[in-house]
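Chain by chain, the residues:
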Amino acid sequence: GAVVSQHPSWVICKSGTSVKIECRSLDFQATTMFWYRQFPKQSLMLMATSNEGSKATYEQGVEKDKFLINHASLTLSTLTVTSAHPEDSSFYICSASTLGGTGTEAFFGQGTRLTVV
Amino acid sequence: GQSLEQPSEVTAVEGAIVQINCTYQTSGFYGLSWYQQHDGGAPTFLSYNALDGLEETGRFSSFLSRSDSYGYLLLQELQMKDSASYFCAGKAAGNKLTFGGGTRVLVKP
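Protein sequence lines, in the order shown, are assigned to chains V and D. Residue numbers for the first sequence follow my numbering, beginning at 495 and rising by one. Residue numbers for the second sequence follow my numbering, beginning at 827 and rising by one.
Careful, some of the hints might be misleading.
[To be verified] Just so you have them, the derived chain V footprint on chain D, three or more residues with Cβ under 8 Å: (1) 867-879; (2) 918-929.
[To be verified] One-sided and incomplete, this derived list gives chain D residues near chain V with beta-carbon spacing under 10 Å: (3) Thr852; (4) Phe855; (5) Ser859; (6) Phe889; (7) Ser891; (8) Ala915.
The set of hints was computed from the structure by calculation and includes no laboratory data. A virtual CB, placed ideally from N, CA and C, is assigned to each residue, including glycine.
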């Protein structure tokens, strides 16, 4: 299957700082990438849909100024958590797909565990 | 939008069969996916049903009935390594997935 690489796998940062998470599709071009957040023992909640070359589409309740998404190329999307606070501590996961929606699976990155202290 | 319901937890013994049901309410539904997630890991794809019927992949099978807005994942010959969380996910346009709450499967010796 296709490979999606997410970096870093874990990060600890101080409250008030910003953290950037990268999501790369290694062997295919991802026209669309998705960013999810998962709190312990809960489901994956879609935060935003990232389309190459255009603005991300955020889900209701997700602050676009706090969670900055950039999809500058067909193989890279980044999520920046700005002015992080302890309540932003979570598992962030990206997934990637190709145009057309005919694929039967989304390819997930390894996830990034963010801890804000 | 979509909402998907599945049981929160299931416990079974090695070698047993477990069925995880998923009911959904949705608009713009393309199909139902199933993912496995071990603690601390990322979701891994198990199966996808776009059409009604049963899809079999080794020990795991998945079923979909669009008329009943219902699907299930069947885990056969349970092994200890199958202890994990299992998520159903409804697929919409643009490969957008909405996940159910997840079912934690605990396999006992």
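In terms of beta carbon proximity below 8 Å, does the stretch 867-879 of chain D have 3 or more residues touching chain V? As far as the stretch 867-879 of chain D goes, the hint holds, because 7 residues have Cβ atoms under 8 Å from chain V.
Closest C-beta approach of Phe855/D to chain V relative to 10 Å, hint status: violated (12 Å)
Are Ser891/D and chain V close enough, Cβ to Cβ, to be under 10 Å, as the hint says? violated (18 Å)
Just to make sure I understand the rule, a stretch counts as covered if three or more of its residues have a C-beta closer than 8 Å to a C-beta of the chain. Does the stretch 918-929 of chain D meet that for chain V? Check passed, 10 qualifying residues.
With a cut-off of 10 Å on the beta carbons, see whether Thr852/D makes it to chain V. violated (14 Å)
Do the numbers back the hint for Ser859/D, that is, is its least Cβ distance to chain V under 10 Å? holds (7 Å)
Minimum Cβ distance from Phe889/D to chain V below 10 Å? Constraint on Phe889/D not satisfied, violated at 16 Å.
For the restraint on Ala915/D, tell me whether the closest CB of chain V is nearer than 10 Å. At 8 Å from the nearest chain V Cβ, Ala915/D passes the 10 Å test, so the hint holds.
When the structure is compared with the earlier hints, violations turn up for hints 3, 4, 6, 7 and for no others.
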